Amino acid sequence: MEGKLGSYNALELAYIGDAVYELLIRKALLGRGSRQMVEHNRQAFAMVNAAAQARAVQYLSDQLTTEELDLIRYGRNAKGGSAKSASLGDYRLATGLECLLGALYLEDEFDRIEQLMELIIDYLSKEE
15 MEGKLGSYNA LELAYIGDAV YELLIRKALL GRGSRQMVEH NRQAFAMVNA AAQARAVQYL
75 SDQLTTEELD LIRYGRNAKG GSAKSASLGD YRLATGLECL LGALYLEDEF DRIEQLMELI
135 IDYLSKEE
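Counting from 1, position 111 in the sequence shown corresponds to residue 125 in the numbering used here; the numbering is continuous, with no gaps.
Think of the hints as simulated: they come from the structure by calculation, not from any bench.
Hints are not guaranteed to be accurate.
[Unchecked claim] Pairs of lysine to aspartate or glutamate, DMTMM-like flavour, derived with a Cα cap of 20 Å: (1) K41 / E141; (2) K41 / E132; (3) K41 / D136; (4) K41 / E123; (5) K93 / D32; (6) K93 / E26; (7) K41 / D122; (8) K140 / D76; (9) K41 / D125; (10) K41 / E128; (11) K93 / D104; (12) K41 / E53; (13) K140 / E128; (14) K140 / E53; (15) K98 / D32; (16) K140 / E36.
Being a predicted model, the structure only gives us computed values, none of them experimental.
Based on the provided sequences and hints, a complete structural model is requested.
Shown next as structure tokens:
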């Protein structure tokens, strides 16, 4: 990785990407109209977990560039812990997605983030 990303390891990119992902999920849910916060939280929880993020990666895989897939692999292969509520495979794919989003954010690729998040939110919303 070059440029702005060279100073970040995969878990640091994922740390940033996690915040980006959760913020955009919450923003999208609030944009759907007035609901009680309990309902927003329920929907957010259904989309902001390793299993949902892993499904999103699998759904997006044929729509990602080679560089984006490389970033997902970089995050997926990072040595880190795992969530107790997720399988190791799901956790690693989720870390890969977060790594990609963190990298795109640091590269100021906000339009691409919006495109990907729109696809993810539409896909995960249909699962509900």
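Against the earlier hints, flag every one the structure doesn't satisfy and list their numbers going up. none
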